[in-house]
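Asks: One line per chain: the protein sequences are G and C, in this order. All residue numbers for the first sequence refer to my numbering, where the first residue is 233 and numbers rise by one. All residue numbers for the second sequence refer to my numbering, where the first residue is 1392 and numbers rise by one.
No lab work stands behind these hints: they were computed from the structure. Here the structure is a predicted model, which means the values were calculated and not measured. We put the beta carbon where it would ideally sit given N, CA and C, even for glycine. Don't take every hint at face value.
As the list claims (entries may be wrong) - With beta-carbon atoms standing in for the labels, derived distance ranges:
id, chain 1, residue 1, chain 2, residue 2, range
1, C, Q1415, G, R404, 41 to 49 Å
2, C, E1488, G, R393, 26 to 34 Å
3, G, R235, C, T1457, 30 to 38 Å
4, C, Q1473, G, L443, 15 to 23 Å
5, C, Q1415, G, W430, 40 to 48 Å
6, C, T1457, G, D401, 17 to 25 Å
7, C, E1446, G, D399, 19 to 27 Å
8, G, S411, C, K1468, 46 to 54 Å
9, C, V1413, G, I410, 54 to 62 Å
10, G, S411, C, M1453, 24 to 32 Å
11, G, R320, C, G1459, 20 to 28 Å
As the list claims (entries may be wrong) - Below, a list of computed lysine to any residue pairs in the SDA-like style, where the Cα atoms sit at most 20 Å apart:
id, chain 1, residue 1, chain 2, residue 2
12, C, K1470, G, Q340
13, C, K1445, C, T1465
14, C, K1468, G, T345
15, C, K1470, G, D330
16, C, K1468, G, T333
17, C, K1468, G, R343
18, G, K245, C, S1431
19, C, K1470, G, T333
20, C, K1470, G, A338
21, C, K1445, G, T437
22, G, K322, C, W1423
23, C, K1468, G, S348
24, C, K1445, G, G441
25, C, K1468, G, L344
26, C, K1468, G, L349
27, C, K1468, G, D313
To be verified - If we take Cβ atoms under 10 Å as the criterion, some of the chain C residues that face chain G in the derived model are:
id, residue
28, W1423
29, L1429
30, A1434
31, V1436
32, R1438
33, G1442
34, K1445
35, R1447
36, V1475
37, H1479
38, N1480
39, Y1481
40, Q1484
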Amino acid sequence: MARAFRATTYGYKADLGDHERRLLTGLCADVITLLERRGQEVTAGGGFTESTESDDAGTPAQPEDSVFAHFSAELAGLGEDTPLQPPRDKVLARLLPDAHTEPEEAGQLRRLTEASLRESKIADLRTARMLLETTPVKLTEDQAPAFGRALNDVRLTLAVRLGIETDEDADRIREVAISGHAKTTESFMAEIYTFVTWLQETLFTAMIGMLPDQPERE
Amino acid sequence: MSSAASTLPREETDLETGTRQVPQRPYHVVVWNDPVNLMSYVAWVFRSYFGHSKERAHQLMMQVHTEGRAVVATAGKEKAEQDVTAMHNYGLQATIEEA
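Whole structure, please, built from the sequences with the hints as guidance.
Replies: Right, here's the structure in full:
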């Protein structure tokens, strides 16, 4: 039976069952794979022109296509000013959102920042996987934010897959999760989502308790 | 231009260029509402990343929740861009806009 995150003298601790740790580790690995695929796609020239975009599942262009994609981009006269299109996969689009409300501006900013954002997220998810190897799961103060960010990315991924786009959707998923035994893929995923939510909630409630009271910086 | 006969030391010109202050245009860091992010998480991010007080973080979080968006910081362009990327790193939806 899982016991939530709570503060300890060295940081934070949670008691999770082996199957829960395995589940979370697997979810982190899934998100890493998704982010890495986007990295491969962008490196191969995809995302800069419509013709080299991968399909909606986010699978990378075939190796031979990626070679031609690179040349196509060169031939099309695409220079370093070409904006980078947002990912078509909805999960990736949520994990790597636009930095500007104007698509053109967003594309320029994305070109400059998406790679390092992807790398940061992958690093956090890898840290989380490593921390999930021990039981109980123990986090130092320094490790907690990285673990928390990884948990949040896992939650976002599940939320997109569950189609949570409004507060009403979130309420409905919560109802599905607490209604009892999972019978469908959706209800199973809803239960996992609720579990990850609870884990993240307890971690950040404990972390907020550790923040110093400070006056507003002007 | 040959510098062999010049009495102007090159350092003088370089120093002047290096220390000229360019006034920074302010940019807003805007955080947008989404139904997934937990209030405890968002409040923690506002406090630990931006150094907002407990009260200010709560106020901003409520503003995001009820109005759909809030300006959480104002800075020069480069810093604001870094802040937006940091918000994305935390999984928040954020954009940069001219102040």
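Asks: For every hint, state whether the structure bears it out.
Replies: Against the structure, the hints:
no., hint, in the structure
1, C:Q1415 with G:R404: 41 to 49 Å, "holds (46 Å)"
2, C:E1488 with G:R393: 26 to 34 Å, "holds (31 Å)"
3, G:R235 with C:T1457: 30 to 38 Å, "holds (34 Å)"
4, C:Q1473 with G:L443: 15 to 23 Å, "holds (22 Å)"
5, C:Q1415 with G:W430: 40 to 48 Å, "holds (43 Å)"
6, C:T1457 with G:D401: 17 to 25 Å, "holds (18 Å)"
7, C:E1446 with G:D399: 19 to 27 Å, "holds (24 Å)"
8, G:S411 with C:K1468: 46 to 54 Å, "holds (49 Å)"
9, C:V1413 with G:I410: 54 to 62 Å, "holds (56 Å)"
10, G:S411 with C:M1453: 24 to 32 Å, "holds (30 Å)"
11, G:R320 with C:G1459: 20 to 28 Å, "holds (25 Å)"
12, C:K1470 with G:Q340, "holds (17 Å)"
13, C:K1445 with C:T1465, "holds (19 Å)"
14, C:K1468 with G:T345, "holds (14 Å)"
15, C:K1470 with G:D330, "holds (17 Å)"
16, C:K1468 with G:T333, "holds (16 Å)"
17, C:K1468 with G:R343, "holds (16 Å)"
18, G:K245 with C:S1431, "holds (18 Å)"
19, C:K1470 with G:T333, "holds (18 Å)"
20, C:K1470 with G:A338, "holds (17 Å)"
21, C:K1445 with G:T437, "holds (13 Å)"
22, G:K322 with C:W1423, "holds (17 Å)"
23, C:K1468 with G:S348, "holds (18 Å)"
24, C:K1445 with G:G441, "holds (11 Å)"
25, C:K1468 with G:L344, "holds (14 Å)"
26, C:K1468 with G:L349, "holds (18 Å)"
27, C:K1468 with G:D313, "holds (19 Å)"
28, W1423, "holds (9 Å)"
29, L1429, "holds (6 Å)"
30, A1434, "holds (7 Å)"
31, V1436, "holds (9 Å)"
32, R1438, "holds (5 Å)"
33, G1442, "holds (5 Å)"
34, K1445, "holds (7 Å)"
35, R1447, "holds (5 Å)"
36, V1475, "holds (5 Å)"
37, H1479, "holds (6 Å)"
38, N1480, "holds (5 Å)"
39, Y1481, "holds (6 Å)"
40, Q1484, "holds (5 Å)"
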